[in-house]
Structures are given as C-alpha cells and as structure tokens.
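Student: Following the hints, put chain B in place on chain A, whose structure we already have.
Protein chains: 2
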Amino acid sequence: MSRTLHHTDCVIVGAGYAGIAAASRLHAAGKSFLLLEARNRIGGRVHTQQLADGTLVDLGAQWIGPAQHLIWEWTRKHQVATFDCYDSGKNILCYKNRIRTYKGTIPKMDPISLIDLGLGINRLNKLCRQVPLEAPWTAAKAEEWDSITLDTWINKNVKTYKARKSMHIGIETVFACQAAEISLLHALFYCHSGGNLDALLAVTGGAQQTLFVKGAQHLLELEAATFSDKIYLEQPVRSIRQHADGVTVLSDRMEISARKVILALPPALCQKIHFEQPLPYRKTQLFQRMPMGAAMKCYAIYNQPFWREQGYSGQIVSDRTPLHVSFDCTKPDGKGALLFFVEGKYARDFIEESPENRRRKVLSELAFFYGKKALEPVDYTDKCWIEEEYSGGCYAGNFTPGSWTQFGPVLRTPAGHIHWAGTETALKWCGYMDGAIESGQRAADEVLEQ
Amino acid sequence: MSRTLHHTDCVIVGAGYAGIAAASRLHAAGKSFLLLEARNRIGGRVHTQQLADGTLVDLGAQWIGPAQHLIWEWTRKHQVATFDCYDSGKNILCYKNRIRTYKGTIPKMDPISLIDLGLGINRLNKLCRQVPLEAPWTAAKAEEWDSITLDTWINKNVKTYKARKSMHIGIETVFACQAAEISLLHALFYCHSGGNLDALLAVTGGAQQTLFVKGAQHLLELEAATFSDKIYLEQPVRSIRQHADGVTVLSDRMEISARKVILALPPALCQKIHFEQPLPYRKTQLFQRMPMGAAMKCYAIYNQPFWREQGYSGQIVSDRTPLHVSFDCTKPDGKGALLFFVEGKYARDFIEESPENRRRKVLSELAFFYGKKALEPVDYTDKCWIEEEYSGGCYAGNFTPGSWTQFGPVLRTPAGHIHWAGTETALKWCGYMDGAIESGQRAADEVLEQ
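In order, the protein sequence lines correspond to chains A and B.
Residue numbers for the first sequence follow this note's numbering, so the first one is 1 and each next one is one higher.
Residue numbers for the second sequence follow this note's numbering, so the first one is 1 and each next one is one higher.
These aren't lab readings, by the way, just hints derived from the structure by calculation.
Just so it is clear, the structure is predicted and the values come from calculations on it, not from any experiment.
For glycine and all other residues, C-beta sits at the position ideal for the given N, C-alpha and C.
Take every hint as true, because none was put in to throw you off.
Cross-link-like lysine to aspartate or glutamate pairs, in silico, EDC-like; alpha carbons within 20 Å at most:
| no. | chain 1 | residue 1 | chain 2 | residue 2 |
| --- | --- | --- | --- | --- |
| 1 | B | 272 | A | 276 |
| 2 | A | 345 | B | 143 |
| 3 | A | 159 | B | 144 |
| 4 | A | 272 | B | 387 |
| 5 | A | 156 | B | 143 |
| 6 | B | 272 | A | 387 |
| 7 | B | 283 | A | 389 |
| 8 | A | 159 | B | 143 |
| 9 | A | 283 | B | 349 |
| 10 | A | 272 | B | 276 |
| 11 | B | 345 | A | 144 |
| 12 | A | 165 | B | 144 |
| 13 | A | 272 | B | 234 |
| 14 | B | 156 | A | 144 |
| 15 | A | 272 | B | 252 |
| 16 | B | 283 | A | 349 |
| 17 | B | 156 | A | 143 |
| 18 | B | 345 | A | 143 |
| 19 | A | 283 | B | 387 |
| 20 | A | 156 | B | 144 |
| 21 | A | 283 | B | 389 |
| 22 | B | 283 | A | 352 |
| 23 | B | 165 | A | 144 |
| 24 | B | 159 | A | 144 |
| 25 | A | 331 | A | 87 |
| 26 | A | 283 | B | 352 |
| 27 | A | 90 | A | 309 |
| 28 | B | 283 | A | 353 |
| 29 | A | 31 | A | 229 |
| 30 | B | 272 | A | 389 |
| 31 | A | 272 | B | 389 |
| 32 | A | 162 | B | 144 |
| 33 | B | 331 | B | 53 |
| 34 | A | 283 | B | 353 |
| 35 | B | 272 | A | 252 |
| 36 | A | 165 | B | 143 |
Ranges of calculated distance between the beta carbons of each label pair, as one might list FRET restraints:
| no. | chain 1 | residue 1 | chain 2 | residue 2 | range |
| --- | --- | --- | --- | --- | --- |
| 37 | B | 229 | A | 141 | 54 to 64 Å |
| 38 | A | 81 | B | 239 | 41 to 51 Å |
| 39 | A | 140 | B | 130 | 31 to 41 Å |
| 40 | A | 225 | B | 445 | 54 to 64 Å |
Pulled out of the complex, with its shape left as it was, chain A reads as follows (with noise of 0.2 Å):
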C-alpha cells in the first residue's frame, strides 16, 4: 500500500480532550500540525452516544468538578450548556441486604463504622498531602509507600466491615481497578491530584458536580472547530523514526515528516507504536507498569425520574455485586436517566455476560431499590472500555506497586523529538478530562519552546 506524504511542524497522535488540547495550542500560536486518531470519531475515552430517541449519554468521561479550572474555561468560551448531577433527596447505603436511606453526605451506619471510615478517609487525605504532585518518588516516606498495595493499607487502617466495604465501593469507582492493583503512593499521589479522596467522590462540591446538556464531546468538537481540516481519523500510527532534525510518523495509509510529535496516548497504548530507534529503556519499561483500568457504564433510560418521586436521589452506595454505585444523570427537561458503574474485576466479568442478561441484571438490581417502575425503561445500553482496543481500558492507566519510585522521573520527559500528553501525565486531575487537558497544552507548550 502506498503512503500519501505530508509535511508539517508537529505531528499529534490521539484526538482525545490531550491531543485535541495540544492541537489548539498550537493552532493559537499559528503552528502548523496534523492530528492523527485510530478511531473514526474524535474523543478518545469521551464518547457521546444518542440513543434511539434522541437521549444522549456519554459513554465515557462526562463530569466535571469546581475546581477543574481548564475544562470550564473551554466551557465558557464554548458557552456550553451544562447542568448539575441531581444530588437531592434520599440515597440509598445497603449493605448485607439491608437497605438504608439518609440524606446530605454522611451516609447511615452505625457509630462504629462511621467513625472508622471518617478516619480512614482522613488519614488517607492528610498522607496524600505529603505526595509532591510534580515528583511523588520524592515524597518523605515514598519508597514505604509504593512498596504496599492500597489495600494492605485499607486492611491495616480500616477495621469494620461497612467502612472498609464503602473504601473499597469508592476506591474502585475512582480508580476502576482492585485496591490490589496499585500502591498506597499511586493512589495518594492521584487523589491529592484532584484535591483528596472527598473531592474525588463527592458530587456536589466535587469531581460529579457538573454534566454537560449535550455531552462532554460536543465540547470537544467545539473546540476542534477551527482545525478539524487538520485531523485525520482512521489513521492509526505504526511506526516512529526520529532523526537528527525530526521524526516520520506512518500510519497505514500516511507518512509525515515533522520537527515534533506529541503522543497523547494512554502510556500502555504507546507499546502499539513501533519505534525505530528504541526509546529511553525506563520509558519502555515504564510503558509496561501502567495497565489500564475497567469501567462499564451502564443507563437505564425512563420517561420520568421516577425515583425522585420517590424522594430519592438516585444514588445509591451498594455491596450486592456488581452493581455498586449509581448517579441520577437526567438532564434538565430531559427523560430520566439512572447510571450504574461497574469497575475493576467486576466490569470484566459482567462484559462477558450477555447484553440481555446485563440489561435484565440492571433493570432488576434498580427495582430492588425503586420498584417495578424500574424494569420498564425506554431504552438501555452499557459500555465495557476494555472493548475499545484504542483505550485498552478505562479510565487511566495506572502505576503498579514499586513503579512511581522507579519509573515516574521519566513519565513526562521528552525522548528526543517526542513528547508526551494524556491525562496520564497531568499533574491535577490526574485521569480526568481536565489534566488531559492540562497535559495536551504542557506538551504543546514544549514544542513551542523550542
């Protein structure tokens, strides 16, 4: 197959809220450049989908918090419609099948376990503030720290069932993955990116305060508007060749000639790409410790919010496997939307059940809490983003047991004419759509420089 050549400044690889960050920046500062996205849509693990009459739900990323200052700047020059995530009325704690209803944030348990989980959360904030976002290897007690699972850290300070079961429930729907899977460093590291554990979990005053009326790629595309001649979908990137002056970039179909190109690509993602002359060995090495996570989405689609009839909130905090955590996502005048996560282990397995017995499992788990009304939705659908092979997992990739120590001092540096964004490499909001952003613009801003 021939290859069309082309020539520009800088080459950016993945059209997520990273690539499409960097492609404006650089576009601002009259760059030339070309984007180049596996997919056939732009977004990466943002992802809006409308279903079958006419209600739109992000599949992927859709919340942003107060303090995610870079995505509500585009949100304001876009003059984005948003909306707040319903955070009023009942939410529901069940725990061993026990159902309980409490309002405000301080869910219903006994003394006993409220006060271990409240220190647990704590203790875990006030360790997370000792973690330097820009260099966590040098934090005092760094080596102790990447050298335990999160979860021996849990199993050591959190001693009651429910409060460790309401860790656990919160850890995986942050990280979407297994407190086994990642250091007590990792996780204080990602927490004290987007403030700490509180601001991560909350909804109002949180990381899911905010939805977007039209989705969060709509924003996206917005901001895309004025170069989207530059980007090119369908062109997954193969090969990399640095030379003295610059690098060529392949896809199947293209090869381009640059001075730069910014990968903004999840870190296990980058493996796919082969690079002529072999990169940094610790980059190749640090590519390997960092897996992706699972996260399944799961909408139940009703004419009304039933539930908030009711007096619920449509958040409900649970231990029945593996439905966990749901989210009232009705958008204002819109049909009602309840949301469903499974993360981590469970997400993998319930993938592989069938997508009528997902929806029935679903539809069922919401008339154990709601009643009947809730196995008559209008519509259904969920989303597994270890599907995606240009995810390879969701939300982020993240840090295995003893790697920030050895790895993170080359997480973000450059290896000769590459440089690296993806929200992976952001030093606030750390996995989440604002330090994607936040990446994207730090790498741009590199090539800038020189």
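Tutor: Relative to chain A, chain B alone:
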C-alpha cells in the same frame, strides 16, 4: 514495500527456546511451519557472545538445574558438553562492609539472623506448595496472597537486617525486580514452579548447577539445525489477521497464510503486534500486567581463576550497591570468568552509567573482595536486557499484584487460531529455559490436536 507471499500450516513467532521447541515438535510431526524472528539471530533471551580472546560468555540465560528434565533431554540428545558451576571454597558474605567467609550452604551470620532467615525461607517454601501450578488463582488464600506485595510479606515475616537483606538479594536475583513489584501469590507460584526458593537459589542441586561449555545458544542452534531453512530472521511481525479457517501473519517483508500461529514471545511484547481482530479483553489487559524485569550481567575475564588459589569460591553476596551477587563461571581449562549480577532497579541505574564507569566499578568491587589482581582482567563485558527492544527486559514478565487472580485463567487460552507459548506460560520452571521448552511443546501439541 511489497511482501513475499507464503503458505504454511503454522507460523511460529519468536525463535527463543519456546519457539524452537514448538518448531521442533511440529517438525517431528511432519507439519509444515515457518518461524519468524525479529532479531538477526535465534535465541531470544539466550545469547552467547565470543569475546576477543575466544572466551564464550552467556549474556542471557545460561544455567540448568538437575530437575530441569526437558533441557537435559535436549542436552543428552545433542551430546552437548556441560560442566558444573564452581561451588567449592570460601563464599563471601558482606554486610555493612564487614566481610565474612564461610563454606557450604549456611551463610556466616549471627544465630538470630540465621534463624530468622531460615524460618523466612521455610515459611515461603511451605506456602508455595499450596499454590497449584496449573491454576494459582484457585489456592485457598489466592485473593489474600495476590493483594499484598512480596515486600509486605517479607517485612512481616523477616525481622533482622541481615536476614531481610538476604531475602531481598535472593528475590532480586531470582525475579530481576524488587519485591515490591510482585504479589506474594506470584512469588509463591514462581518458586513452586521450580520446586521451592532453595532450589531457585542454589548452585549445586539447584537452578545454577550446570553450564554449557559452548554456551546456551549453541544447544538451541543444534536443536534448530534440521529446520533452519524454515527460520526467517529480521522479520518482526507487525500484524495478525484472523479469519474462519486460519490467520494471515504480516512482517514488513512477508505475508504468510496459515492455519495457526504460535506466539512465543514475552506477554508484554505481544502488545507490539497489531491484532486486526481484537483479542479477548482479558488477554489484552493481561499483557498490560506482566512487566519485564531488569537484569544485567557483568563478566570479568582473567587469565586464571586466581581467587580459587586464595581459597575463594567466586560466590559473593553483598549489600554493597549495585553489585550484590557473583558466581565463578570459569569453563574447564578456560580463562577465569567472574560474573556479577545487577538486578531490578539497580540494573536500570547501572546501565545509564558509561561503559568505562561500569567496568571500573565492577573491577574495583572485585578487588575489594579478592585484591588487586582483580583490577587486571583480560576482558570485560556487560549486558543489560532492558536494552533489547525484542525482549523488553529480563528474565521474564512478572504478574503485578492483583493480576494472577483476575487474569491467570486466560494465560494459556488460545484466542481463535492464536496459541501462546513463552516461558511465562510454563507450569514447571516458569521463567527458565526449561519452562520455555515446556511451553513451546505444549503450544505445538495444541496445534497438532486440531
């Protein structure tokens, strides 16, 4: 670039011990096959180098143990000369710059450290017998053991400085990574796979007992001699397409239609191949969770094994960084060959120093123990396996915490017409040449059965 077209029954990817073992079995059964190797040599993580003075040194895997029956079978079949690794005289133990010498297998330590170490190893050996080799995730305590790092277990079970340090040096020598990087379950599986930790650490009676006079690559070349026309070097496989009746395998210059393909690669490296039909999700995510270790071998060659005249065995265990463990690999009637290992994080640091510095440090370390004669070798060479693009590290891919229990069940499961070999998939002697042979034979048997 146009590709030459080929047809065969089975394509094998990777000409290490696993790939050659698979080829050998197919060859014996009269099946047609082609073997594609990315490098310009066969051997994979086995590589024998001839120094300027003619001395042969194994830069990669080299030893075989008495219980490694498959590689002994090849050794006898090809009547390859072997010799026992020198294991007489005084061993050196050096902690906190105090040198102690001892003979035999019991290190010279104060009784408390010695008991502490003995109990620690015994405890680990006892636990490892509870891990079924064919299904480690079914061990009664699999979840618990997969949730903690080996480092956490050592800290809890071994208390004195010398015992703990000895454990870490032993673990690093066995796994080529830090104890923090792997779960207890992985460590137990791996030790059980080779018998127990004692067997993995021992010279006489253990995994370091016997060496090949002409090196470990020579045996492989003999085994491959009858089908060397089927081996294509410098053919890194770029993509694999599956259809109902078989596969199409593409390198840059070849396109091969076949009924089956055997991938005899480290799991992490499978990510370099583009699978046109995405692999089962769990398989893809498994590949993200078996990072390669980092091992470095440093050889100093002398006219005579002069340390023997001083009564030394050539075996050193030392807490002086980065050179922790040495062996005397002198061949019968050969020049004196001392081998120092650098492992895990120490290897990653050491390879970044200049070749002159590395030479200087290794020799001065040897001089510290054996006197000035060590400063005048006839040759010096070293090799770090993270430099090798088509190994990605060494010795093997290790399961990260939380991975065996979630992903172990798909380790060997064929994906359509794709079968999996490589020492990481072995039941016995996982991580060793013997395990590689087992894995290649097993994958070939799968292909032959269909």
